[in-house]
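Enquirer: Listed below, chain by chain, are the residues.
Number of protein chains: 2
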Amino acid sequence: MRKISESTVRRLSLYLRFLEQSQGQGLTTISSGELARRGGTTSAQVRKDLSFFGSFGKRGLGYSVPELATQIRDILGLDRSYRVVLVGAGRIGGALAQYEGFRRRGFDITAIYDCDPRKIGTRWSGLLVRDVRKLQADLKKEPIDIAIVATPAEAAQEVVNQLVAGGVGAILNFAPVAIDAPAAVIVKHVNMAAELETLSYALANR
Amino acid sequence: MRKISESTVRRLSLYLRFLEQSQGQGLTTISSGELARRGGTTSAQVRKDLSFFGSFGKRGLGYSVPELATQIRDILGLDRSYRVVLVGAGRIGGALAQYEGFRRRGFDITAIYDCDPRKIGTRWSGLLVRDVRKLQADLKKEPIDIAIVATPAEAAQEVVNQLVAGGVGAILNFAPVAIDAPAAVIVKHVNMAAELETLSYALANR
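Here the protein sequences come in this chain order: Y and B.
Under the working numbering, think of the first position of the first sequence as 6, with each following residue one higher.
Under the working numbering, think of the first position of the second sequence as 6, with each following residue one higher.
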């Protein structure tokens, strides 16, 4: 299979959400035009995205909603669940811990860590906030797939070092700083300002 | 100027953050290799991204940090400030309202709206939470550039209708639902689960 670009992965993720909403409404087929309209793109782009993995709608009938949803889930690796830890029980961390979309997609936040003694021992969305100094030892006992780092900039690298030593496979970094990790660990940097910057770019260049 | 893809805009946004950090550390030049390492990409990609707008580093010297930062700011439309309103004073809204990165980039959140009488009249990060029923009237008096919609799914479209009627230019939609707006209004959908899905895709396909 050809490697899919991040933009395509993002669009597949959106299509999947719309397919699931359509399924909830009892729809069994959907056209590329409808997927395009809801995903803010073109029919041609939808057909191109879906042809990457050999899915073709039937002319005049469109795509089968449940089949396409299953195919996209497989492509995105969502045919299994992932164990996730969240490090940093601040505002971003709090919003993420309670984001219901994660669990629905099979991303199970199994633990939250912080260094603040006032937070350690409290419960967030039913999860105990643990002492970040126990992170590495805990990871040895309970391996995880993905870590979300939502610490202040100055704490992020040390947390990442512990996550790497603990065998984490992928890191989603919300801390506003570049982090170093071995090439085998997948790192993705989330920059909330970048979301607004795609808008300012579009406003400035329309 | 050629139209730049969203992936490129996102990388430019990351480069800009690293350039500003480098500037803060007193560095005057930076190599494509260093930008690539910090941005999780390749030197070739960095050179390609920057060549879009005619910026070329000097062999052996790299790019001038302040010049490149200014160029990227211009490209991203960050040479001005933007008036932003936030609708929805829930968990995501709360995290966004207090995100210091927005103001630093010239995105000034000027007002927060909610429909909950217990929230209306309280202050969030120094901003009064206003009654969403006054949104459209307020927009007539105080035009804004960008709106962030962080409401529940079922409230999003009605809020968007009011924002459009009030003349907003661009909408960042955090509500987990597709929204309709006229083509002249730029709409960007943010799906927090998609960030994790780019990781599950990478884990499943490495």
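Keep in mind that the hints were calculated from the coordinates and are not lab data.
Note that the structure is a prediction, hence the values are computed from the model and not measured.
A portion of the hints provided could be inaccurate.
Same chains, same label: a pair holds when it works inside one copy or across any pair of copies.
[Stated by the list, open to error] Here are the simulated DSS-like pairs of lysine-lysine, each with C-alpha atoms no more than 30 Å apart in a straight line:
1. Lys193 / Lys8
2. Lys139 / Lys124
3. Lys139 / Lys8
4. Lys146 / Lys8
5. Lys139 / Lys63
Enquirer: Hints first: check each against the structure and report whether it holds.
Expert: Results for each hint:
1. Both within a single protomer and between protomers do lysine 193 and lysine 8 lie at most 30 Å apart by alpha-carbon distance, with minima of 17 Å and 25 Å respectively.
2. For a Cα distance limit of 30 Å, the shortest separation of lysine 139 from lysine 124 inside one copy, 14 Å, qualifies, whereas the shortest one across copies, 37 Å, does not.
3. When the C-alpha separation of lysine 139 and lysine 8 is checked against a cutoff of 30 Å, the pair qualifies neither within a copy, at 38 Å, nor between copies, at 48 Å.
4. For the homomeric pair lysine 146 and lysine 8, neither the shortest alpha-carbon distance inside one copy (34 Å) nor that between copies (50 Å) is at most 30 Å.
5. Taking CA atoms no more than 30 Å apart as the test, lysine 139 paired with lysine 63 passes in neither setting, with 54 Å inside one copy and 47 Å between copies.
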